[in-house]
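Start from the sequences and build out the full structure, keeping to the hints where you can.
Residue numbers (this note's numbering), protein chains in the order written: chain A, 1 to 499; chain B, 1001 to 1156.
No wet-lab data here; the hints were simulated from the structure.
The calculated lysine to any residue pairs, modelled on SDA-like cross-linking and capped at a C-alpha distance of 20 Å, are:
{"id": "1", "chain 1": "B", "residue 1": "1072", "chain 2": "B", "residue 2": "1005"}
{"id": "2", "chain 1": "B", "residue 1": "1077", "chain 2": "A", "residue 2": "427"}
{"id": "3", "chain 1": "B", "residue 1": "1007", "chain 2": "B", "residue 2": "1063"}
{"id": "4", "chain 1": "A", "residue 1": "297", "chain 2": "A", "residue 2": "250"}
{"id": "5", "chain 1": "A", "residue 1": "224", "chain 2": "B", "residue 2": "1080"}
{"id": "6", "chain 1": "B", "residue 1": "1072", "chain 2": "A", "residue 2": "434"}
{"id": "7", "chain 1": "A", "residue 1": "224", "chain 2": "B", "residue 2": "1084"}
{"id": "8", "chain 1": "A", "residue 1": "224", "chain 2": "B", "residue 2": "1071"}
{"id": "9", "chain 1": "B", "residue 1": "1078", "chain 2": "B", "residue 2": "1113"}
{"id": "10", "chain 1": "B", "residue 1": "1007", "chain 2": "A", "residue 2": "427"}
{"id": "11", "chain 1": "A", "residue 1": "300", "chain 2": "A", "residue 2": "289"}
{"id": "12", "chain 1": "B", "residue 1": "1078", "chain 2": "A", "residue 2": "227"}
{"id": "13", "chain 1": "A", "residue 1": "300", "chain 2": "A", "residue 2": "249"}
{"id": "14", "chain 1": "B", "residue 1": "1078", "chain 2": "A", "residue 2": "420"}
Residues from chain B that face chain A, not an exhaustive set, calculated with beta carbons under 10 Å:
{"id": "15", "residue": "1024"}
{"id": "16", "residue": "1044"}
{"id": "17", "residue": "1053"}
{"id": "18", "residue": "1094"}
{"id": "19", "residue": "1102"}
{"id": "20", "residue": "1121"}
{"id": "21", "residue": "1136"}
Treat the numbers as computed from the prediction; the structure is a model and nothing was measured.
Cβ coordinates follow ideal geometry from the N, Cα and C atoms, glycine included.
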Amino acid sequence: MIEGILIGLTTALTFQNILMVMVGCFFGTIIGMLPGLGPMTAIALMIPITYGFDPATGLILMAGVYYGAVFGGSTSSILLNAPGVPGTVATSFDGYPMAQQGKAGKALAIAAWSSFAGGTLSAIYLLFMAPSLSKVSLSFRSPDYFALMILGLTAIAAFSSKGQFLKAMMMVVLGLMLASVGQDSLSDITRFTFNNMNLTDGISFVLVVMATFAMSEALTIILKRNDPTSAAKQVSLTELGSIKINKEERTKMYKTIPRSSVIGFLIGVLPGAGATIASFLAYGMERNVVSDEEKEKFGKGSVNGLSAPETANNAACSGSFVPMLTLGIPGSGTTAVMLGALLGFGVQPGPRLYMTNPEIFWSIIMSMYIGMVILLILNLPLIPYIARILAVPKNYLIPLILFFSVTGIYVMSFNNFDIYLMIGIAVVATFLRLYDFPMPPLILAFVLGGLMEENLRRSLLLSNGSWEFLWDRTLTACILVTTILIVVWHIYKTFKVKN
Amino acid sequence: MNINTTKIISLLFFIFSAFYLYTAYQIQVFAFDENAPFNARTFPIYLGYAGLFFSGLKLILPDPNTIKVDHKNLEYKKTGILILIAIIYGATILKVGYFLTTSLFLFASYYFLGERRWILMFLLSFPFVAAFMYLLHGILDIYLRDPFLQSIGVMG
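Here is the structure:
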């Protein structure tokens, strides 16, 4: 492990990679602050640029954007009561009341320190857990991977939107269908191309991400007459107050941070769960464990109530890297985008990544520490100024998002068919978003489509066409039982709410 | 059964899945692969049935969380214009080149979204695209074909 850490540090501490972490954190913070534009959009916009770099640098940049976006989301939650990303909704419960009491600077400082501690602690958990899990996952066979992918897709659908399980499952199927376009990987037979040569190689992953996130989000903002930048115009630089945290507040944070980081990390590791559930769970747990006197302060500007979700959502970000780096199966939409980008680099994430590309594996982990320090430096003194930068009119913001989307696609293929295809998918995605059809399950399914077919092919060929492979191995059966439990639990919850 | 737009989308998805399934059965596989446990059409066939299953359930089951969209408050005109500008961009980029098409795409988008600060619009289109093009072409070594710049001798 020491050797790995040194490899990681050598790669992560190059001038170029430190610069990429800084750029990623800065860009992510800005995008994360804008309500509606989450980390997936931020990462999607970055993908074409990352292809100019080596895989480690590209992934370091995307990871920086990811935790920068989560960090930025907490700032708009505290200052404006407008969470930039769903993972920071719980931050506004106590962060915004604190800001209203004239302690916005203190709330930002608590959030920054908690995020830093949560992110750093979970990077340490990741450091110890990822190599061990990589070794364990080497024993995984095709049926286990197939079952794991079914679990991941079901879980992301179950957690994606309350009461919208079927819609999410429809999006999963649509994502898999889009992934099936083009040549079959084994026989080279073309499928669903309708004799169009442009579809022979399949639909590009970047195209689908850009269309369903960046472009469709820009169109949705215009269609719904939203202005994500309007809230930033209300930020007053003079009313932030002090950023100093006193001894009593520090003592409270010392207790909250370790337990919230463990919850955040473990929830982040679970497929489909992610920062939103982690932050709510940490908030709920913290409310249950504090004294009655402190409990009364929850929702009115509690230090524990602010520190817990902030620690957990950042810890969950690092946790979500575990299944991606060790199994090659992303646990969330955001890590699915990163996985797709890695595949684009020609790198196959999975248990062997640890051995075949140690510089990528370890540099991502080590860059997390650097990223957390940079975010702390960014967030504490610069956030109010960044918030002011955000007050750019949407008349400029939207065309620039569209520009990055179409340019991103054009520079990848130099083909205008891809631009038309992206516009078509973006229009459909915008319409589906209006009716609350979630997009992250579609992306996860699109990324996993090829791998899922490959593992099903191997499993069925080995079992001579019999579906017994699903319960032949204990591990496969356990994963499938977990999947069934998630579905049953979800159906039970839906009926319970209805009654 | 209560008919709402979500149900109509589910119906469209059901029809799409049926079409997908039909096309999946039409995939030509090699003769020796025809009766194999897995061939190029196996996975798509399962997907087609999964699509029919989930959209069928969504159609049949009651919808407790009906989404109501107020179409009167939606900005169809500007959205449509932006989509049209993007289509025109796609149609002209190969012939005209990256620099001019992208700059005009940005300029037109600012204009149709209601912006009238001409100097700022200009700065955030032509010089901005030039700088971005330099980043891609000059620094990151990503080749950008540009007949317009080639014709005036700026690009080799």
